[in-house]
Amino acid sequence: MNPGKFSRLITFLILIFFYIPIFVVIMFSFNASKSPVWVGFSFMWYKELFTSSYTIWKAFLNSIIVAISASFVATVLGTLGAIGLYWGKFKGKDYIWIISYLPLIIPDIIIGVSLLIFFVFIKMKLSLLTIFIAHVTFSLPYALMIVFSRLQDFEYSIIEAAYDLGATEEIALFKVIVPISFPGILAAFFMSLTLSIDDFVITFFVAGPGSTTLPLKIYSMIRFGISPTINAISTLMLVGTIVMSIFMRKYLRYIF
Amino acid sequence: MLGSSVEIRNVDKFFGDFQALDKVNLQIKRGEFFSLLGPSGCGKTTLLRIIAGLEYPDSGDVLFDGISVVSIPANKREANTIFQNYALFPHLTVFENIAFSLRLKKMSENEIREKVEKLINLVRLEGQENKKPIQLSGGQRQRVAIARALANEPKVLLLDEPVSALDAKLRQELLLELDNLHDQVGITFIYVTHDQAEAISVSDHVAVMNNGRIVQIGTPYEIYESPADRFVATFIGETNLMKAEVVDVNDEFIRVIAKGLGEFSCYKDKEVSKGDKILLTLRPEKIKISTKPLEGINSFHGVVEEEIYMGYQTKYFVRLDEGYILKIYKQHVNYLLDEKIIHWKDEVFVTWNPNDSFIVEVEKG
Ligand SMILES: Nc1ncnc2c1ncn2[C@@H]1O[C@H](COP(=O)(O)OP(=O)(O)OP(=O)(O)O)[C@@H](O)[C@H]1O
Ligand SMILES: [Mg+2]
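As you go down the protein sequences, you meet chains A and B in turn.
Residue numbering for the first sequence follows our numbering, beginning at 14 and increasing consecutively.
Residue numbering for the second sequence follows our numbering, beginning at 114 and increasing consecutively.
One chain only, chain A, in its complex shape (with noise of 0.2 Å):
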């Protein structure tokens, strides 16, 4: 076997291999059955789940509304910090930098029991703004981090010459830095919207009553048994992500 026919042949594996519970998913979001044997083509679910499955969509409500203002908080603070460390001159910088990616290769089990604790010793009631902060809290290292990585190929002369002909700082930052780097910002925010809607493990121990996002509301369903509607919200969600990257490659195009 020639090895362009192997590297085929194993990137078709892989494929299968990602995609099968996907498809599979998608399948039975449309059987007419609520057992996972393929009984017949149904919209049922989806029915079903637009029409008498209130709390998944609350739930789903949680995971957007945190979703979209952690990373939004998050994105903000990732690219000022980025800009500081990266042009910023002062003491323990390296320091400072390590501290600031540590956090990515923390395990997710031990930043939510240590956010916990910190809730339950500054006596803060477990809701959607602890599972919030959290979420800021996970998220902030990647942003900050791409941000930085975008910034790398941008030369600090461009800033001088912005200072040169008469900018301030803050004109400097809002009309060069950020504009320049505005595709690894939207990157970044992307990448905190990602990481946000699907956490289980943080956000398992930071909500509280009432709080509820849907990962966590799809894992307290699953153990009463697997619903289809499950499926249903699922590929809904999968076409969501789909139209998301579709949009947001032409968007980048037009950035550049």
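Watch out, some of these pointers could steer you wrong.
[As the list claims (entries may be wrong)] Listed below are the simulated BS3-like cross-link pairs for lysine-lysine, each with C-alpha atoms no more than 25 Å apart in a straight line:
1. B:244 <-> A:188
2. A:188 <-> B:189
3. B:228 <-> A:188
4. B:218 <-> A:188
[Claimed, not checked] Which residues of chain B face chain A? A partial, calculated answer using Cβ under 7 Å:
5. 167
6. 187
7. 188
8. 193
9. 194
10. 196
11. 200
12. 204
13. 213
14. 265
Calculated from the structure, these hints are not laboratory results.
Computed from a predicted structure; not experimentally measured.
Each residue gets a CB set at the ideal place from its N, CA and C atoms; glycine is no exception.
Dock chain B with the ligands against chain A, hints included.
This is chain B with the ligands only, laid out in the frame that chain A set:
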């Protein structure tokens, strides 16, 4: 006049322990085309950045029109810079790059359009208004950088090796354009370069720098014809350096004796006395070469060791009878009809006028 005069007084600049500028003093007249010339790493960019306000001197003062500007930040100083790499805004079009400073001044859209169009005509970028910097050639980028800097109506334009990234032919063209532009806008140009030919061809005055220090300031003519020291003599153009000892001193001329050459006369452009050891510089194009004996006070005989035909001239390396190897450039006025073409291994006579050598170092004997 639209330009400012610029004065640098005793400026020192340290980066950690490293001294990048050492007691730099300069006086630049308003409207002048002034060059800072020196090898890579000698501190040219650092000095330019201090004038621009992008770097602060550790001591000393910078004055525009006699008024100190060290406390004025770069965004308020009436100097604009053309950066070594142009530093155009990659996300903005040519038009918006040039309009950047105008928009900050909150000018009306009509005024901006009018002004940018004028500048675009000035730097000959018609039709490129809507391109992004990445779509431009090197020469076009440089013009955008110039137009962008001029839009702010600076009194001093600082140019950091603006043509060094371009190929030789374009470099010459743009250099001429810059010279014309300077005549048109009438502001002070401070031009940084490590290329002596560039500095000499366009400047009113040149400051030669080495290791953070100014070693000579003068017109291009003075810098080339009477270099202040060995560094300037060798850095600018090519030259013959000769170690010699003074054997006789007259009013205007001295007699010296040099190893490999023998005894000859030179102009006394520095105070020397008998027994001093001196270093002389003599430009290769000042020496006459012929296969026939030549008249002159300093006449020598030798053999052509090497011959490099350059088209407009030929470079000869002539080994004199006593061993010194003299570099000689012979201009071709009428190559084939010149008395006789001189070739490798030919025996030749050489001579130069005592006025043409200069003393660059004196060691009291
Ligand atoms: N920010 C800095 N930190 C430390 N050293 C610096 C800094 N900027 C410049 N230097 C040093 O100061 C010296 C002068 O630098 P400068 O950039 O002024 O040289 P230059 O004459 O412009 O050289 P080139 O022709 O290569 O551009 C160099 O040795 C350089 O390493
Ligand atoms: Mg430089």
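Results for each hint:
1. B:244 <-> A:188: holds (18 Å)
2. A:188 <-> B:189: holds (18 Å)
3. B:228 <-> A:188: holds (21 Å)
4. B:218 <-> A:188: OK: residue 218 of chain B and residue 188 of chain A at ~14 Å, within 25 Å.
5. 167: holds (5 Å)
6. 187: holds (5 Å)
7. 188: OK, holds: residue 188 of chain B within 7 Å of chain A, min 5 Å.
8. 193: Holds, about 6 Å.
9. 194: holds (5 Å)
10. 196: Constraint on residue 196 of chain B satisfied, holds at 5 Å.
11. 200: holds (4 Å)
12. 204: holds (5 Å)
13. 213: holds (5 Å)
14. 265: Since the shortest Cβ distance to chain A is 6 Å, the answer is holds.
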